[in-house]
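Student: Residues per chain, in single letters:
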Amino acid sequence: MERITRGYVPNLLLFINVLMAIVYISWWFYLPHMGNVFLYALLFFGEIYHIIMSFGFWYTIWNRKIPKRVTSPNYFDPSVTVFITVAGEPVDIVTRTIKAAKEMNYPNFKVVVLNDGFVANKENWKEIERTSQDLGVECITRRIPGGAKAGNINNGLRSTQSELVAIFDADMIPNKDFLSKLVPYFYDEKVAFVQSPQFYKNFDQNEITRGAWEQQDLFFGPIMSAKDNLNSSFICGTNLVLRRKALEDVGGINEKSIAEDFLTSYFIHKRKWKSVYYPNILAEGLAPLDLLSYYKQQQRWARGSLEILFRYNPFFRRGFTFAQRVEYFLSALFYLNGLIVLIDIIMPILFLFFGLQPVSSTTQSFALYFIPYMFLNLYTIFLVSGGGITFRAISFSQASWFLQLSALFSLLTRRKVGFAVTSKKRQEGNYLFLIYPHLLYIVLAVIGIALNLDNKNPAVFTNSAWAIFNIIMFLPFIKAAYNWRSFFIFRQSPNIGYQE
Amino acid sequence: MTRERSTFIIIFLFVIFSLLISAYTLFQQSLRLDEAQSLWVATKSIPGIISYISLDVTVPLYELILHFWIEAFGISIFSARLLSFIFFLFTIPVLYLVAKKSSDTRIALLTIALYSLSPFIIWYSFEIRMYTIVTFMAVLSHYFFLKMIHTGGKRGQVGYFFSILLGLFTHYFFIFLIMAQGIFFLYWFIRRFNHVGSFRDYVKWNFGIIKNFLTPVFLAALFFLPWVIFFLLQGGAANTQPLIPATTPYDIFQTLVNFLFGFQSTSLQSFLVSLWPLSVIPIFFLFSKRKSDIEIENILYFLLTVMIPIGLVFVVSIFFKPIFLTRYLIFVTPSFFILLAWTLFHISKQLSALVLMVFALAMFGFLIFQNISNSTPVKEDYQGVALYLDKNAKPDDIIAITSPFTIYPFEYYYKGSASIVTIPLWNVYKSGRIPSYSTVSLAAQVKNYTKNYGDLYVIFSYNQGYENSIKNYLDTHYQRLLIKDFSPGLELREYKLRYP
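Which chain is which? The protein sequence lines are A and B, in order. Heads up: the first sequence begins at 1 in our numbering, then just goes up one per residue. Heads up: the second sequence begins at 1 in our numbering, then just goes up one per residue.
The set of hints was computed from the structure by calculation and includes no laboratory data. Remember, it's a predicted structure, so these values are computed and weren't measured experimentally. Even glycine gets a Cβ: it sits at the ideal position worked out from N, Cα and C. Just so you know, not all the hints are guaranteed correct.
Stated by the list, open to error - Result set (DSSO-like, lysine-lysine): computed pairs, CA atoms no more than 27 Å apart in a straight line: (1) B/K289 <-> A/K65; (2) A/K245 <-> A/K256; (3) A/K65 <-> B/K204; (4) A/K201 <-> B/K289.
Stated by the list, open to error - Far from chain A, some chain B residues (derived; all Cβ distances over 10 Å): (5) L33; (6) L89; (7) T248; (8) P277; (9) M307.
Claimed, not checked - Computed from the model, here is a short list of chain A residues facing chain B with C-beta under 10 Å: (10) Y8; (11) P10; (12) L12; (13) F15; (14) L135; (15) C139; (16) E214; (17) T363; (18) F366; (19) S464.
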């Protein structure tokens, strides 16, 4: 393996990061800093979480290598069934995907549309059948519901026999060389699946697509390839090829979770299969176009991942390598971020309204520990992303705290959450309700600051600055939720002149 | 006209306006203590200058230049201040070149605009001290250092040698900049190791590159060494080191606030420092996707040349002895403003024009306020005291100045006929250390004046630890007639010595 060049982070820098993190967390262990015990304990818990996530991130990207180029003998062309999963997506989108799939330059494959429109009560299920027929591909329409997308794929598996299966969401248009690039990895009989990135070709369409893609970019770029080095990359639902034998070994795609892909990879790794992540884009799809679709998608991922943490904790299960335990744990732990963000953002509000302070020492001494640590952390992320990380991506992650919290709440209360396909069309409507928690925060912060206008205590300024900091972090998310331009610009009067 | 261009035009109008206003206000300002000292030293012969400076904590280049300057253009405050202003003007095109070579024209323009608007920079551009020269040398060293490592030519090496040598002869703290450049060079060199062969071979094959950097550094050290030996033989400024208060983390934040918004009243500075959490936001923008193609390495270079000198000075101040003074760190401002321009310019398109305008307006407002406000902490209105005493002190009155060394600026302005002494008594025209203070000698000194003088005027400034003791003694033993403040830390008191 050779060392990567783009996105390369020297191990020395990671080591300095570790040292800086230890110095930083040592500040929190110095108890004379403690103000209100309960609030200090909450913040301390949050900081421990951040440190675990940081250490995990550095562990993941430590010594990142370029994967070996894989070749296979010419005669190696195992049979592949290409599944296109459909559940009510527009016919024109499905048609484009079927056509592109048929065009792939691989000698031994067939395309099958897995039509879930009937069981999902979608009006266009018959149209999908007709279109498939017109395009000369098989269409399997489920009549017995269950298992959502996972159930649909498992139904397809039962009706086909090929050695390998490729899976595409209805909007994911594969490149011609998709199969010829990925299938050679299966020459190694231990390889269970090969995942490729989920690229959004409409990434520049609006704030939501941009934010969604920029988050994906970091995940499908450095994070997944680093996980690949540790044989820990996981299935992301689409743009992948799977070995049927491996799937059969784990009882098919897991139907118990709404993050079926994540849990399936979990069981595949548990059974000692290998996984591969192919870092180049081989298929293009559509990002969620509106905040509601984004919200549902993220909530599904959050809920599914948190299930791993609470119900399938890899540290208490056999069969994994140490790296795999760490990676699954980190991926799941990421979605606890909502809880930590809530703790962090509520502190300045508690101070501004009730004068409660978690920390008693001067905040500049804290800043001296915090800022260098933060600096190095962000610089490392900047390097690892090849300079591609954006403020919007970070903002979307932070501002998703409420949806992550609701996912956590639904898991803890064992509330059932249905699988919802991410919409491929912009949903019309007003999604302001999705940012009510953020707007409420702004209102509270403004009132809190106003109540303290005549208070000259420096702690008031610092807490006000933290509140403003949090608001700035939420801004790109808030901006994406609503067409604010229409809010500020008067409606145009109807055209009453002559039409040419 | 594009929004970007109109923003630039408005900012440059600000710059021109601010320079005109600053020239009007600052050329007329009272001579400050350090200025008076530099001016006084510069009037001596060359050996006299070297001998005097070797007893002080400074290096002689500035006073030598000033010596020839006042010989050519006459000894006036205006001409002496003009020298500093000219070096400020010299800095701007070189800073533009450095920023442009590291990024692009727009960022370079913004850098020089922000630099020229900085109340801190403007303040020292009109001060009869070495600060604009040391900044000029710092910018030259950036230019030649980057040229040297990127092109490897002899020109870069020669230029780098001269810039760091002259920098060292302008201010001792320049060594911290060279250290930062050394650390960056080390990083830059290691980063280029392509892992083909061993690291030892890499060093062997590329020893020429290391030599390119080390040669000018060693040569500069060699040329600087005789001065250091001479300085140490003269006693290492054991008696003339300024009394710098203990350093705290607050000083770091205050330094950054000073760079941006200049010297404001203590309460305003404290308010601005308390807003430090907001400084984390620019770090996000600093390390995020760039609109134009900028090398990550360049960002790191300017970051290190800001952070390492500040960090090292802070560490020395905490663990050895306090040496942390904002003005001593002025040589990091060019890198600081390049980073700031990068950061501001890469906020989203819609926001950057707004943020830039707000920033420019804030800097401009603080500049005006700093220049005209009497509460500006660095103001020393010896001119005001002298004018007051010209009018009010009679020939049979006596004026006492404490601390003794503040006699220089006062004497420059005072045209009256009252006698002038210092507390403790010190003969300014005789070299040697200032006598130590004791209440007993103060009592004897003042009692002696009661025979011949009517009123005693005491000018208090630069508290050397005994100011309160003098005030207490005089307040309890003589009738106090007046207390008058002229600028922060500069107070005049009048006492009745005898009654007719």
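Student: For each hint, tell me whether it holds in the structure or not.
Tutor: Each hint, compared with the structure:
A hinted pair counts as satisfied when its Cα atoms are at most 27 Å apart, and B/K289 with A/K65 qualifies at roughly 23 Å. Restraint check for A/K245 and A/K256: the C-alpha separation of about 20 Å stays at or below 27 Å, so the hint holds. A hinted pair counts as satisfied when its Cα atoms are at most 27 Å apart, and A/K65 with B/K204 qualifies at roughly 26 Å. Straight-line distance between C-alpha atoms of A/K201 and B/K289 comes to about 19 Å, which keeps the hinted pair within the 27 Å bound.
In this structure B/L33 is separated from chain A by more than 10 Å, as the shortest Cβ-Cβ distance comes to about 29 Å. Separation of B/L89 from chain A is adequate, the least Cβ-Cβ distance of about 33 Å exceeding the 10 Å criterion. A beta-carbon of chain A is positioned within 10 Å of the beta-carbon of B/T248; the least distance is around 7 Å. Against chain A, the non-interface label of B/P277 is violated: not every CB pair exceeds 10 Å, the least being about 4 Å.
Taking the minimum C-beta to C-beta distance to chain A, about 8 Å, the non-interface status of B/M307 is violated against the 10 Å cut. Annotation: interface hint on A/Y8 holds; nearest CB of chain B at approximately 9 Å, less than 10 Å. Evaluation of the A/P10 hint against chain B yields a held restraint, the C-beta minimum of about 7 Å falling below 10 Å. Taken as an interface hint, A/L12 checks out: its beta carbon lies about 7 Å from the nearest beta carbon of chain B, inside 10 Å.
Annotation: A/F15 was flagged as interfacial toward chain B, and the flag is violated, the nearest CB pair being 13 Å apart, outside 10 Å. At its closest, the beta carbon of A/L135 sits 40 Å from a beta carbon of chain B; the interface hint therefore is violated under the 10 Å criterion. The beta carbon of A/C139 is not positioned within 10 Å of any beta carbon in chain B (closest approach about 42 Å), and the interface hint is therefore violated. Because the closest C-beta pair between A/E214 and chain B is about 8 Å apart, less than 10 Å, the hint holds.
Look at A/T363: its Cβ gets to within about 7 Å of chain B, closer than 10 Å, so that hint holds up. Because the smallest distance between the Cβ of A/F366 and any Cβ of chain B comes to about 9 Å, under 10 Å, the interface hint for this residue holds. Look at A/S464: its Cβ gets to within about 8 Å of chain B, closer than 10 Å, so that hint holds up.
Going down the numbered hints, you'll see the structure goes against 7, 8, 9, 13, 14 and 15, while the others check out.
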